[in-house]
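A.B. asks: Listed here are the chains, written in short residue letters.
There are 2 protein chains.
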Amino acid sequence: MNGAELILKTLAVNGVGACFANPGTSEMAFVDATSRVPELPIVLTLFEGVASGAADGYARISGKPASTLLHLGPGYANAMANLHNARRARSPIVNIVGDHATAHLALNAPLTSKLSEIADAYSVWSLNCSPHRISANTALAVTEAVERQGPATLIVPGDVAWAESAPTVSRSNPRPRRKIAEDAITAAARKVHSAGKQALLVLGSNALSAKGLAAAAGIAQVTNAQLSCSTFNACMPRDRGRPFLPKVPYFAEQAAAFFAPYESIVLIGVDYPVSFFAYPGKPSLLPPRPEAVIDLASPTDDAEAALIALAAALDTKPAAQSTAIEAIARGTGSLTAETAARSIARHLPENAIVSDESATSGTALVPLIPNMAPHETMDLMGGSIGQGLPVATGAAVAARDRKVVCLSGDGGAMYTIQALWTQARENLDVVTVIYANRAYRILSVEYQRILGQAPPAHSRALLEIDRPALDFVALARGMGIDSERADTAERFDELFAAAMNRRGRFLIEANLAT
Amino acid sequence: MNGAELILKTLAVNGVGACFANPGTSEMAFVDATSRVPELPIVLTLFEGVASGAADGYARISGKPASTLLHLGPGYANAMANLHNARRARSPIVNIVGDHATAHLALNAPLTSKLSEIADAYSVWSLNCSPHRISANTALAVTEAVERQGPATLIVPGDVAWAESAPTVSRSNPRPRRKIAEDAITAAARKVHSAGKQALLVLGSNALSAKGLAAAAGIAQVTNAQLSCSTFNACMPRDRGRPFLPKVPYFAEQAAAFFAPYESIVLIGVDYPVSFFAYPGKPSLLPPRPEAVIDLASPTDDAEAALIALAAALDTKPAAQSTAIEAIARGTGSLTAETAARSIARHLPENAIVSDESATSGTALVPLIPNMAPHETMDLMGGSIGQGLPVATGAAVAARDRKVVCLSGDGGAMYTIQALWTQARENLDVVTVIYANRAYRILSVEYQRILGQAPPAHSRALLEIDRPALDFVALARGMGIDSERADTAERFDELFAAAMNRRGRFLIEANLAT
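Order-wise, the sequence lines are chains A and B.
Residue 3 in the numbering used here sits at position 3 of the first sequence; the count goes up by one each step and never skips.
Residue 1224 in the numbering used here sits at position 224 of the second sequence; the count goes up by one each step and never skips.
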């Protein structure tokens, strides 16, 4: 058995569910070995940022680690932006990056670059695979990806991949998430109890599970504490029977106002709230009174257990399930973010998965969520746009029996538009909605916030993408995806409803009247 | 004047010719400042790999440094693969990378990553811009990019960009290329003289100029030395009046055979020849007898001057210009790499610029080059595919009065296909030919070389991109580029000839009968 086959087998034995690949010459031993390791499905991508984003989506939905197969430093570099997002999503990913054979590296051949340095900077762990410990190093990569909750990178020189190796497969052994100490739970419970409706719970990460949300509902019922969640969540279940958690607002001044009323702010599975960007003369730390903040569990801790223990300490009972919902009226007339949101809210089927990178257009969906069918939503976690389509692709590989809906801005979609081809190749059930407002709209908003005026023409040339208008119907068809354009609310409703009622890939360009 | 405006002004004053941008919130002060620095043209791209590749193409053709404007670590990460190629092309580029404001960095906001580490690993120089030396640091970045011949990266925290600064603009001061000592020239001249037709000159980098090639022709005439050039060249002038230089072959065993006959191999503007990849049991160092190699001038040295001095030491006269050319017959019947090459060779206009990332399909053009109109060709320098379309885009910005032709494989085109949109937006005169063989054909060749057999079905699934077939006509139209498909040699000839005879962007999908 050669090194490449041993690595693929070790990934499969240790529960890695799929490999998203864009190999080259230095990975040829892996290309050959795939035929002997059918238990690890390999999915081809046309660009490495699709591979890393898909691995992220796969991990978020399957709960299993995913892997990538990448070609030297530049291949890893192309994957990095979505690895950054995956690290912020705390998705366990093992990157297998082929490198030049050991003796070849010193010769500075054209494809040589500082792979070890960039791998270390953009992964939670990285290692050059030893020819003498191939399976042990691979199992360790799985351990580190799961334990540190992010991308672990194993660099595999060509000679390690092609050399014959002993076929003994090692096992990974990740430690479980850190448990929160009982006295911290007790102290937090006292604060929540005494603050009453001036208590705010901010939930995130693994606290956002069915059990976690049930516990949170119980706490709210007994103590009148308010519930909320992070601005961005890797995977947020939304169910009529669970409490609706408002998000901490994105913009700093709105977030500060959101936190201001509370005497006790308990963080469970979230980092200390800071603004996304800094602005001249404005604070980056969001809660106006830091002394109100109780940092109970970080996102890598066992936040779900901490939340359940907090509920127990407050002597809560399972909260009554609210199932009353209101019908959502169909939008009519102009197609806007608001009328499009109505259609999505009306027709999204139960158990669907939403990959949301809709930026400014997506906020219209928020007030409708309590009346939508139960579903899960995956947000853009690291702020590097170009995650939405790849994450949807990986989620659809992880859950071939569920409908995946990708909501994307037009600007964001163009970073990794190649994901559509992999959706077609794998016959995935992904429906993509492109909110086409012909602009990086969020940047115009930010311009106005920072400079106090709407951008003048010369600056708009860097913020608007209307010349030429992108034709997403043509782009989708060019990659094997059926597609239609909607110019009215009625047409969008019709297209979206039809796409929800059949299996199969589809793209709708929502040509917004802005 | 704020920091952002001062940086843009400093770039312009120091001869930086254009800025290829994909900005975000942290670069908003730059977006605002562009209106006050019209002397630095800003070109918007939809993906950062297009920006870095276009900067490379601009620098190669204009002879001036280019710049990019990128958004934090992930924006730089997306640019890295083509920065790797630009470094191998020795193109001077100044990357301006916005970063979080200084005080914000420590808070680990979602877009925070190890930017300094990746900037240093993939640039020839990098620096965090000091708020007290904004123009001096920017001028230094230009100096370093020119002197070290590659991408220099200046990281600009938000607060440095938006703060008021003294408007004094600093000057860059790069040292000229290193001159080769006279005794080294004399020694090389003696070797070339005594070896006669067993001498081989291998030219690359700045030795491939009009003057350099004239000197080489003179040397060949007087000494019977053979002439050749690197396998990949940043910018290779091809002129009926200059000698045709065969390239060092790509595959290691062919390159070894190429070097074998020579007693003296003089490297002028090229690194020591090594194979692109390593292969089991094969040597990576290509010349079979290392003692035959004379390393006269490296690619960063003043190789052109060394070549001219060598010619003088050998007492050459200007070589007679050969102008006899043969007409190239039109191909007929099936559209293949060979018949397509005939059309390109027949119709490419004088003074055209070719961006060549045609991989396996491009070799068919080589034997026709001596009979083509004078033109310049830019090769893929770092081996990271996805350079061709962006480099063509930047070259067309640099030379708006010249025809640019991009020859690309279908696999390679999909890495940075977003370049087409910038070509449309800027109304550039680029004609793109996509050699659609529905495969990463080079990888099938490599598979066969390494594993000794054609790839089986399961491995072919990672090497072929035929399911679904990409429709490049649709993709091009989706980004505002007129496009047609050619299925026969006659149709390709007609489309290519027409595209050469009018100004304006166009894409031809050459649907190869493989």
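None of these hints come from the bench; they were simulated from the model.
Please note that the accuracy of each hint is not assured.
Claimed, not checked - Per the computed footprint, the stretches of chain A lying under chain B, defined by three or more beta-carbons under 8 Å from a beta-carbon of chain B, are:
id : stretch
1  : 107 to 116
2  : 145 to 152
3  : 346 to 355
4  : 381 to 393
5  : 415 to 424
Claimed, not checked - From chain A, some residues computed to sit far from chain B (all C-beta separations above 10 Å):
id : residue
6  : T168
7  : A364
8  : R438
What the hints assert, rightly or not - Distance condition first, Cα-Cα at most 30 Å in a straight line; then the derived BS3-like pairs of lysine-lysine:
id : chain 1 : residue 1 : chain 2 : residue 2
9  : A       : K282      : B       : K1114
10 : B       : K1197     : A       : K114
11 : A       : K247      : B       : K1114
12 : A       : K64       : B       : K1114
13 : B       : K1179     : A       : K282
14 : B       : K1179     : A       : K179
This one's a predicted model, so the numbers in the text were calculated from it and none came from an experiment.
Glycine included, C-beta positions come from ideal geometry on N, C-alpha and C.
A.B. asks: Indicate, hint by hint, whether the structure satisfies it.
C.D. replies: Hints and how they fare:
| no. | hint | in the structure |
| --- | --- | --- |
| 1 | 107 to 116 | holds (count 7) |
| 2 | 145 to 152 | violated (count 0) |
| 3 | 346 to 355 | violated (count 0) |
| 4 | 381 to 393 | holds (count 5) |
| 5 | 415 to 424 | holds (count 5) |
| 6 | T168 | holds, 23 Å |
| 7 | A364 | holds, 21 Å |
| 8 | R438 | holds, 12 Å |
| 9 | K282(A) with K1114(B) | holds, 24 Å |
| 10 | K1197(B) with K114(A) | violated, 40 Å |
| 11 | K247(A) with K1114(B) | holds, 28 Å |
| 12 | K64(A) with K1114(B) | holds, 27 Å |
| 13 | K1179(B) with K282(A) | violated, 54 Å |
| 14 | K1179(B) with K179(A) | violated, 66 Å |
Checked against the numbered hints listed earlier, the structure breaks hints 2, 3, 10, 13 and 14; every other hint is satisfied.
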